[in-house]
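*Asks:* Chain residues, written in single-letter form:
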Amino acid sequence: MTQAILSARAIGAGESRGRPFWPRGDTALAFGLLAPSLLLLGLFTYAPVVQLVWQALTAQSTIGGPQLFAGLENFRALFADGAFRKALANNLIYALGTVVPSLVLALGLALALVRSTQVNALLRALLFVPVLFPLVAAASIFLFIFLPGIGLLDYHLAKLALSGPNWLGDPDVALYAIMGLTIWKNAGYYMLFFLAGLQGVPADAYEAAILDGANPWQRLRHVTLPYLKPTIGFVMVIGLLNVVTQVDHVFVLTKGGPSDSTNLLLFYVYQQAVETYDVGRAAAGTLVMLALLLAITAGSLRTLERSFGEKEP
Amino acid sequence: MSAGLGEASSGVAMAEISPRIGYGAAVLVALLWTVPFLWMLVAAFNPQNVGAGMASLVPSYVPTLANFREAWASADFPRYGLNTLIISLGILAVQLVTITLAGYAFARLEFPGRSLCFYLFLLQLMLAPVVLIVPNLAMIARLGLYDSLLGVMAPYFASAFGTFLMRQAFKAIPRELEDAALIDGATVWQRIGFIYLPLAKPSLIAFAIVSVTAHWNEFLWPLMVINSPDLRPLTVGLATFTRGAEGAQAWGVIAAGTLIVSAPLLLAFALFQRAFVNSFVSSGIK
Chain A
9 MTQAILSARA IGAGESRGRP FWPRGDTALA FGLLAPSLLL LGLFTYAPVV
59 QLVWQALTAQ STIGGPQLFA GLENFRALFA DGAFRKALAN NLIYALGTVV
109 PSLVLALGLA LALVRSTQVN ALLRALLFVP VLFPLVAAAS IFLFIFLPGI
159 GLLDYHLAKL ALSGPNWLGD PDVALYAIMG LTIWKNAGYY MLFFLAGLQG
209 VPADAYEAAI LDGANPWQRL RHVTLPYLKP TIGFVMVIGL LNVVTQVDHV
259 FVLTKGGPSD STNLLLFYVY QQAVETYDVG RAAAGTLVML ALLLAITAGS
309 LRTLERSFGE KEP
Chain B
23 MSAGLGEASS GVAMAEISPR IGYGAAVLVA LLWTVPFLWM LVAAFNPQNV
73 GAGMASLVPS YVPTLANFRE AWASADFPRY GLNTLIISLG ILAVQLVTIT
123 LAGYAFARLE FPGRSLCFYL FLLQLMLAPV VLIVPNLAMI ARLGLYDSLL
173 GVMAPYFASA FGTFLMRQAF KAIPRELEDA ALIDGATVWQ RIGFIYLPLA
223 KPSLIAFAIV SVTAHWNEFL WPLMVINSPD LRPLTVGLAT FTRGAEGAQA
273 WGVIAAGTLI VSAPLLLAFA LFQRAFVNSF VSSGIK
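Residue numbers (our numbering), protein chains in the order written: chain A, 9 to 321; chain B, 23 to 308.
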C-alpha cells in the first residue's frame, strides 16, 4: 500500500517534469472546475460593480438620450439630497445603537448561561428563536407590539399607569423602536459566538486569577475579555454587516417614515430604484454602501485570509 | 469552534464569573425575549381577532383555528410555501455543485492565478449580494429572468462562503485516500464523488442549513424580482398579506399568518437543534 502511494507520487512527479510548479493538467482542470462559479460571480458580482461605476459616473441629459460622462455629478446630487443624508445619519445611529447593545447583551448572556445545565440549554434555545424568524415575520409581530393604545407595549404600560409615545409614528422615537426589534432579533445569534469563544478560555487562567485573589469583575476584565478579543471583533463585523444589509423590517413597519426618520441606506437605494427610477442616484448610493462594506470587512481581511485561505496561519 | 446549546463547557471556573444577579438578569432577558413569540401563539388561536384585549399574553378563551382559516383563505400560503421551497432548495442544489467543484480546485490543485482567483471569490464575501439589488435587477432583466423564480435564485448560485468551507473540509481529508483511488484508475469525478463528498458531509450539512435558512427568510430581493402574485415566496406573500390585514386591524389573522410562515424553520430547529447551532457558529460571515 505504502509502496503504491510512493510510486504514484513518483508517477505524478514524472508527469510534471519540466514544469515543476504548475502541472499543465492541473491548470486546465482547475479552471474547468472554477468556471461555473467564476461565470456566475462575473454575471452577478463583477459585472454589476462595473455597471454601477459606469452608471454613477454618467447621466442622461434627455430622457432616452445618450449616457454622458457626468463626473461626480451623481454623487453631488446624492449628497445634496436631504433624504440620503438623513438615511446615512440614521444608519450611523442605527449601527451604534444596535451593535453595541446587542454585543454587550450577547456577552452578558453567554457569561451567565455558559454552564451546561438543562435550564441553561432551554434559556439559550429561547434566546436563539428570534434568529430563525424571517425578519419580515418578526416585523409583522412588532407591528402589533408598537401599535398605539391597544398594542402589546402600550397595553402593558397602561397597567403600570404609564403611557408610551407613538412608537412608530413619532419621528423622534421610530428609529429607536426599530432598533429594539433589531436587538431582539440578533442578540441570540451573537451569543452563540461568545458561548463558543468562552470554550477557548483555559480553566487554568481562572484558577491562577482566583489564587491571586481577583474578584469576578477583575477576572472578566483581565482574563475573559482578553481571550474573547477575536470573538468580539468578529461579532462586531457581523453586526455591522447586518446593519448595512438588512432592512426588511423598515419596509414592513415604517417604509422609512415618518418624514425619513427611519430610512436606512439600503432602503433609500431601493426607493430610488423602484419608486423614483433615478438610476444614477441609486448607483451612487449603492457605491457608497459598497465602500462601507469594504471598510467594515477590510479590517477583518487578515482573519478571513487566515480562516479560509491562501495565507496559512 | 463549536458549541451546542446544551454542550459541556469549561465548567467550575466559569461559574465564578456569573454571579447570581447576572444570572437572574439573564433569565429575565430570556423570558422577555419570548414575549413576541408568546403573543403570536396566544393571538393566533384567539377566537376574537380585532380590537382591545388582543394584547393579553394569558389565553382566556377556548382556542380556535378561525384565524388560521381566514389567513389561509385570504392569502395563497401553500403556493407561496411551494415557491419558497423551490427557491431555497433550487439555490442549494446548484450551490452544492459549484462549491464542491471550486472547493476541490482550491484544496487540491496548483495552478497559476490561484491567489488571484482566491481574492476574486473573497470579493463576493465582502460585497454582500443583497446590496447589489439594483444592478442585479438590471442583469436579471437583461437575461430575460425578470418575474421568474430562476431570477430570484440566479445571483446566489455561486457562493464564496460555501467554496471556502468546502476547501477547508477537503483539505482535512488525507491525500493518501485520493492517491489510492488514482492508482485504481478513478477519474476526478469519481474521486470527488466517492471520496471527498462522503467525508465532507458535516460541512455540507452545515452549509445547507445556513443557505436554506438565509434564502427561506429573504425578502427585499424577491420583492424586486417577482411581479406576479403566483410567484411570490412566503416572505413577500406575508408582507402583502400583513398590509391588507393591518388595514382591517385583524391582528389575530396576522399572528396566524406569521406563525404559518415561521413554523417550518422553527420546527426544523426544534428537531435538529444541535445541527442548527453548530452550522450557525461555523458560518459566521454568510
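Just so you know, these hints were derived from the structure itself, not from any lab.
By construction, the Cβ of each residue, glycine as well, lies at the ideal position given by its N, Cα and C atoms.
Any given hint could turn out to be false.
[Unchecked claim] Stretch by stretch, here's where chain B covers chain A in the computed footprint (C-beta under 8 Å, at least three residues):
1. 33-39
2. 56-64
3. 113-120
4. 193-202
5. 289-302
[Stated by the list, open to error] Some chain B residues close to chain A (C-beta under 7 Å, calculated; not the full set):
6. TRP55
7. PRO224
8. ASN249
9. THR257
*Asks:* For each hint, tell me whether it holds in the structure or not.
*Replies:* Okay, the hints, checked on the actual structure:
1. Judged by the Cβ-Cβ criterion of 8 Å, the segment 33-39 of chain A is covered by chain B as claimed, because 5 of its residues qualify and three suffice.
2. Beta-carbon proximity to chain B at under 8 Å applies to 5 residues in the segment 56-64 of chain A; the threshold of 3 is reached and the given coverage holds.
3. Restraint check on the segment 113-120 of chain A versus chain B: 5 residues with Cβ-Cβ distances below 8 Å, three needed, restraint holds.
4. Judged by the Cβ-Cβ criterion of 8 Å, the segment 193-202 of chain A is covered by chain B as claimed, because 5 of its residues qualify and three suffice.
5. Residues of the segment 289-302 of chain A with a Cβ under 8 Å from some Cβ of chain B number 7, which satisfies the need for three, so the listed coverage holds.
6. Given the 7 Å rule on beta carbons, the hint for B/TRP55 holds: about 5 Å separates it from the nearest Cβ of chain A.
7. Below 7 Å, beta-carbon pairs count as interface contacts, and B/PRO224 has none with chain A, the closest being about 16 Å; its hint is therefore violated.
8. Taking 7 Å as the C-beta cut-off, the interface hint given for B/ASN249 is violated, the closest approach to chain A being about 11 Å.
9. The interface hint given for B/THR257 is met, as the beta carbon of that residue sits about 5 Å from the closest beta carbon of chain A, less than 7 Å.
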